[in-house]
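Given chain R, put chain E in place with the hints provided.
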Amino acid sequence: MSETMNNEGIVNKPARPVGIVGYGAYIPRYRLPGTEISRIWNGEASPGPVKEKAVAGLDEDVITMSIEAARNALARSGISPTQLRAVWVGSESHPYAVKPSGTIVAEAIGASAHIQAADWEFACKAGTEAFVAAMGLVGSHMANYAMAIGMDTAQAKPGDALEYTASCGGAAFIVGPAEEALTTIDAQYSFVTDTPDFWRRAHQKYPEHGQRFTGEPAYFNHIVSATSTLMQNEDLAPEDFRFAVFHQPNEKFPSRVAKQLGFKPEQIEDGLLSPLIGNTYAGAALVGLTAVLDVASPGDRILVTSYGSGAGSDVFVLTAQAALPERRDAALHTQDYIARRTEIDYATYARFRGKIAMK
Amino acid sequence: MSASMDNLYSDVIIAGVGQTPVGEHWDRSLRELAANAILAAVKDSAGLKPQVLYIGNFLAVSASRQANLGALLTEDAGLNGIEGVTIEAADASGGAALRMAYLAVLSGAVDVAMAIGVEKFTDVIGPESESFLSQMLDADYESAQGLTPLSLAGLLFHRYLHDYAPDRKAFAGFPEVAHANGETNVNAMFQQGMREGVYKKAAEAAEVLNLFDVAPYADGAAAVILTRQDQLPDGWDRPLVRVIGSSLVTDTLSIHDRPLPLVWDAARLSIERACRGAGIMPKDVDFFEYHDATSLHAVLSLEAAGFASQGQGWMLGNPDVIGLDGQIPVATFGGLKARGHPLGATGLYQAVEAAMQLRGEAGKNQVAGAKVGLIQSLGGMASTAVAHVLSR
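Chains as they are written, first to last, in my numbering: chain R, 1 to 359; chain E, 360 to 751.
It should be emphasised that the hints constitute simulated quantities derived from the structure, not laboratory data.
Computed from a prediction, not measured in an experiment: that's the story for all the values here.
Idealized CB from N, CA, C, for every residue including glycine.
Some hints here could point you the wrong way.
Said to hold, decoys possible - Cβ-to-Cβ under 7 Å is the rule here; a few derived chain E residues that face chain R:
hint	residue
1	W385
2	I484
3	G485
Isolated chain R (complex conformation) (with noise of 0.2 Å):
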C-alpha cells in the first residue's frame, strides 16, 4: 500500500444523484444442513459454521433465479422493463464462459433490445460492481434506469471447509434518479487490490482458497479499510447508521468485522442472513439488503460494504424514502424466500449440484 496515495476525489459521486428504483431477492428452497455435511465426511453429524445453506434445484442456474429476482425488482419499480438501459448480472458461477447471463435474463423480463448487457466478474463483489456501474450510467445521464444483479450457485468442493457454506441465491437492483427511489444512495467508495485469497482457474470445476490468508490480510482489511476511509471522507460514524449490511462468507467474520469498525449487534442482525442460507457470494451483501429494505423506515440511513476476493470492496451509504413502505409489498420479502424450504440429503444435493461423475 503507496502511503503517498492520492486521496483526492476518492469517493465516487454521481452528476444527478441516483438511487435504488426497484429491488428484489431470489432464494431457491432447498436447504441442505450443515449437519448433513459433516454426516458424510467426519462421520458423525455436527454443526458447522452455519445452520443450512440453499441449494438451488436441478432446472435452476444464475439465469433463472437473475430472471426471478429481476422481476421482483421490476415490480417494485413500478417502471416498464423497455425503460431499462442495462440488464448486468454479477456471478462467479455464469453458466456460460462466452455469452453473457444478461443476454438471457433481459429478454425473459421484456427489457430488450436497447440495453447494455455483459456479464461481471469479481468474485463476491461482482454483484456490486455491477451495482456502481449502473449508478454510473444513471447518475451520468446517460440512462434513467440500469438493472444490476448479483447472484451465485457457488461452487462447493466436496470435502472443503467451505462446503458448509457456499450457497445459491442473490439479488437485483434498479438503480434510477433519486427522485423516484427507494433508497438514495449518498455516497459509494471502492477500495481493491491485488490480493490472491480465491480463485479459480478457467478449466478448474472448483475454486482454491489461501486458507488462514483469506482472513485478515483479505477479507478484514479491505472491508475495514473501505468502511472507514468511506466514513471518514463523509464524516459519517457508526451512530449514524440504523443498518449495516456486509459481505458475510459465514457468521463470525461479519459480526467481527462489525464489532471492529464501531458497529453494534442490532445494526446488522437484519442483514445477516448468512446463518440461515449460506453465503450466497456475488449475492451475499446484496440479499442483506434487500432483507433490510424490507423492514427500513424513511430516513433510516443504510451502510452496505460488500467484499470480492483477489480482493477488493464496493461501500454505499443509503437513506430510505417515503416511497419504501409503499413500494416493497409489491413482490416476496426476503424473509418469505428463506421461510420456503424444502430441506435435502447430501445424495440429493450431490444429484442437484452435479458431483456425480457420469461418465
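Coordinates of chain E only, in the frame set by chain R:
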C-alpha cells in the same frame, strides 16, 4: 563428543540479541525477517561484525523453494562474503545453530559468530504444510503411514493418559502459564491470557489433545552474536551473559524404535551433559525455556530434566510451580505456546529470551534474581535434543 569439551569452562559470551515479532507475516519474506533479526543483533552488540553465520532453518527448501541460505542471508544483511551455512535439525534447528556458533567461538577458530533462526512457515498453506512438517518424522515408517507431528503427539498423549492416569484437567496449567507470560511479551504471537474455563471447552486438535495443548506454527527470526570478552567493541555496555554448557544428543528417529516411548533419553542426556559442562545440576537453574510444542512435550521435558519423576510431570502444571514466581519458571516469555513456534527459529528465540532474563531486561516477564538459565530445543519427538546453560 570429546570429554574435555564437556568439562571445559567457557568464556563464550552473548554480545548481542535481536528478534522479530512471532506471527503470521503474510507480507514479510524469509529474507526480510532474517535481515531484521540480524541487523537488530548487530546493533545490540554495538556494531560487532560476525565472521560466520549459522542459520537454523527447517522448511525454507520446501515452503519457500529456497536452499543455499548461507549465501542469501549473509548477502541480504550486508554481510557479503562471510562464512554462512544452514544447520538443520527439524524444529531444533535453532538450538543446533546456536551450538555450532558456540563451538566455533569456543574452539578459537572464530572470534565472532552469529546464530540466527528463521522460519517463513506461511510461504505454504493448506495440507501441503502438513506434509512438509512431517519431514521431521521418519519418511518411510511414520509420515508415509499418514502420521504427522501433531497426530503422533496425540497418540503418545493417549499413551501417557493410559499409563499414568493423570488428571486430564491438570494439563491446562501449561498453556495457562504460557499465555499469562505471553501477555506482556510484545513479540509474542498471542498476547492474551486464557479466560476462565476455555481449556475445558476447547476444540480438539488431534484426538485427546485440544487447541490449547498445541503450540502454533508461525513465522519469525531471532539471532544472537557470540564472542569472547576480548573481542567486545568500545562502548559495549550490556550485562555479561555467558554460555557455560552446551550439548546436542540424538535418539532414534521413530518413537516405535524406543524401548520406552514416554521416556525421552535424548532430552534427558542433553540436559545432563549441558549441566555437567556448566558445573551445575538441573535443579540449580532459575528458569527453564522448554520446548512446549504440545502439552505432552512440556510434561515429558520436565520429566526428562528431572524436575518430576516419570509419569508425574503433569503435576507441575500450576503457576505456583512453573509461573514466573514459582519454583521452576518455564516459558517465561510465553514459550512455544504463546510466544509461538517458528520451528527452526524457536531455539534462538529461547536463547534471546534467556539472555534478556539474565541481563535483567525482561521487564514484566522478569524472573527475580535470575542468574542461571536452561534452554532446550527438541527436534520432532525429541529425536534431536539440544540444551544450553546460560549464566550471568
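### Query
Out of the numbered hints, which ones does the structure contradict?
Checked against the structure, no hint fails, so every one of them is satisfied.
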